[in-house]
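So the sequences go chain by chain: E and Y. In terms of this note's numbering, the first sequence opens at residue 998 and continues consecutively. In terms of this note's numbering, the second sequence opens at residue 236 and continues consecutively.
No false leads were slipped in.
List time: in silico BS3-like cross-link candidates among lysine-lysine, alpha-carbon distance up to 27 Å:
1) K1042(E) - K292(Y)
2) K999(E) - K292(Y)
3) K1039(E) - K1076(E)
4) K1039(E) - K246(Y)
5) K292(Y) - K246(Y)
6) K999(E) - K1039(E)
7) K999(E) - K1042(E)
8) K292(Y) - K1039(E)
9) K1076(E) - K1042(E)
10) K1042(E) - K246(Y)
It should be emphasised that the hints constitute simulated quantities derived from the structure, not laboratory data.
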Amino acid sequence: RKEVEQDPGPFNVPEGATVAFNCTYSNSASQSFFWYRQDCRKEPKLLMSVYSSGNEDGRFTAQLNRASQYISLLIRDSKLSDSATYLCVVANQAGTALIFGKGTTLSVSS
Amino acid sequence: DAEITQSPRHKITETGRQVTLACHQTWNHNNMFWYRQDLGHGLRLIHYSYGVQDTNKGEVSDGYSVSRSNTEDLPLTLESAASSQTSVYFCASRAGGETEAFFGQGTRLTVV
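All chains should be modelled from the sequences, with the hints used to inform the complete structure.
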C-alpha cells in the first residue's frame, strides 16, 4: 500500500460547484497532515494544515479521521482560480520528512 | 523576508557528468529536503537532513548525494548523470513539529 494515496482525477467542475478530495495514508503513527496546492510548473504551496478537530478557511474545509487514516478537502463555491493540483501531505512518524500523495487535479470552468 | 532559493533554474547536462544543484534558505530551518517530481509519480523524496552534518536517504536516493556543512545550504549532487534523472527538482525546508514546509521554485534538469 502506498504511504499516501489520492484519486488523481481530473475533477472537472463548473464555477460555483462544491468538490471534495479524499486521501488515505498508511502509517497510523503519522503526526501532521497538510493540503498543498501546486499550479502548473510552480512549486507547491501550503493551502492549509489539517487538524484532528477539522478546520475551515473561507471556502475550504479540511477533515482528519485518524481511525480510518483518511483526510479530506472540501472546496465550496469553486472559482476559476481554484484550478490546480491539490497534494495531500503527511509527516512521517518523527514529524520531520513530508510524504506527498501524487495529487488530485481540479479544473474549474465557466 | 526569509526565503528559499534554488539554482540554477534550468540546466542541460550530458550523461555521465557530475551535476550539483544548489539550495539556500534563510529561514534558519534545521530540516531540509530534496524531492524530484515526474509525471505519474508526484513528489518523491531523494534525501533529507535534520541539521548540520546530518543526511538521510529518502525513497529514491540512488545516484544522488547531499552534504550539510551549514544550516542554510543543502546541495544535491548527481554523481554521474543519467537520462532517468531528467526531472524537476524541488528543495524544501521546515522548522519541524507541525509546521509547514517551504519550497524553492524548482530546478528543471535535462540529461541528454
